[in-house]
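J.: Let the sequences and hints guide you as you build the complete structure.
Order-wise, the sequence lines are chains A and B. Remember, the numbering used here sits 673 above the position in the first sequence when you count from 1. Remember, the numbering used here sits 57 above the position in the second sequence when you count from 1.
Simulated from the structure, these hints should not be mistaken for laboratory data.
Derived EDC-like pairs: lysine to aspartate or glutamate, alpha-carbon spacing no greater than 16 Å straight-line:
| hint | chain 1 | residue 1 | chain 2 | residue 2 |
| --- | --- | --- | --- | --- |
| 1 | A | K716 | A | D680 |
| 2 | B | K140 | A | D840 |
| 3 | B | K140 | A | E845 |
| 4 | A | K703 | A | D692 |
| 5 | A | K836 | A | E786 |
| 6 | A | K836 | B | E136 |
| 7 | A | K787 | A | D840 |
| 8 | B | K115 | A | D742 |
| 9 | A | K787 | A | D680 |
| 10 | A | K836 | B | E133 |
| 11 | A | K684 | A | E711 |
| 12 | A | K841 | A | E786 |
| 13 | B | K140 | A | E786 |
| 14 | A | K841 | B | E133 |
| 15 | A | K787 | A | E833 |
| 16 | A | K703 | A | D687 |
| 17 | A | K689 | A | E700 |
| 18 | A | K836 | A | D790 |
| 19 | B | K108 | A | E711 |
| 20 | A | K815 | B | E136 |
| 21 | B | K130 | A | E833 |
| 22 | A | K841 | B | E136 |
Anything over 10 Å on all C-beta distances counts as not near chain A; from chain B, calculated:
| hint | residue |
| --- | --- |
| 23 | V69 |
| 24 | E70 |
| 25 | R72 |
| 26 | M73 |
| 27 | A75 |
| 28 | D76 |
| 29 | I79 |
| 30 | V81 |
| 31 | A86 |
| 32 | L87 |
| 33 | F95 |
| 34 | T97 |
| 35 | R103 |
| 36 | A104 |
Since the model is a prediction, treat every value here as computed from it, not as a measurement. Glycine residues also receive a C-beta, built at the ideal position from the N, C-alpha and C atoms.
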Amino acid sequence: MARVVIDLLTKAHDRKTFDCGHPAQNEFLKQRARKHAELNFSKTWVAVEEGTSTILGFVTMSMGNIAFDTLSDDLRIRLPRYPMPVLHVGQLATALYFQGRGIGSILLRFAAEKAIDSSNLIGCFAIELVADNNDALNWYLKRGFFQLAPGSMRLYQSVETLKLAADKSVREP
Amino acid sequence: MASRRSLETARVEFRMPADLKIEVEEAAALLGATFTSFATEILIERARQVKRDYALTKMNDEERDAFIEMITKPAEPSESLVKLMSAQVTL
Numbered sequence: 674m675a676r677v678v679i680d681l682l683t684k685a686h687d688r689k690t691f692d693c694g695h696p697a698q699n700e701f702l703k704q705r706a707r708k709h710a711e712l713n714f715s716k717t718w719v720a721v722e723e724g725t726s727t728i729l730g731f732v733t734m735s736m737g738n739i740a741f742d743t744l745s746d747d748l749r750i751r752l753p754r755y756p757m758p759v760l761h762v763g764q765l766a767t768a769l770y771f772q773g774r775g776i777g778s779i780l781l782r783f784a785a786e787k788a789i790d791s792s793n794l795i796g797c798f799a800i801e802l803v804a805d806n807n808d809a810l811n812w813y814l815k816r817g818f819f820q821l822a823p824g825s826m827r828l829y830q831s832v833e834t835l836k837l838a839a840d841k842s843v844r845e846p
Numbered sequence: 058m059a060s061r062r063s064l065e066t067a068r069v070e071f072r073m074p075a076d077l078k079i080e081v082e083e084a085a086a087l088l089g090a091t092f093t094s095f096a097t098e099i100l101i102e103r104a105r106q107v108k109r110d111y112a113l114t115k116m117n118d119e120e121r122d123a124f125i126e127m128i129t130k131p132a133e134p135s136e137s138l139v140k141l142m143s144a145q146v147t148l
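T.: Quick look at the structure:
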């Protein structure tokens, strides 16, 4: 049984053959992911079988910020920080051949754990997920993330709730 | 970023539809600007906007209230979220 690990994307990974069924995400991985990482816009992490270069799936994360169209003084005083930093997940995809085996879930778990780490290290209030289509939206909804308004393609969960979930999963595995 | 601005210049060359070029020339003329200074200003303005807005989410009032509620009163995690936080895979 091969162990699946999550590594930072490097030149050594085989990006050319990756196909998740969505041209925009394939294109991101092939054309932009490494440039984005080089410029510190975002970092892309890939799920691979330990010791191999075939990309089973990938997740792209960056520091995000939440700002509001309007914000009263009353409300602003209640906010510890503004704009509010979040961990932004711009891309998450699994190769067609490996779908349905939980690759996406371990990538999402990885991102959620990084949001918790970020909150401990540098301050981070929530995780923000971008859904490219309705399938992705429903996939995230089923895993405990939610929209802040109907019809929104962005999903959220607070770091505090993620921490509670992580603690609970250790206590009752 | 004034500190990065140098006296050195670089050549930018690209083709665009002829009618659009005329429109840009007209707009530049309206402002008394040259094509080059007009295009440079617009390009850098847009480039900075794109970089500034990257991963910046602007929320309307409804989303704002829901976001602040989520942060200030964190919910108990659902069963599915607890399950996710122990997700593993072996091929």
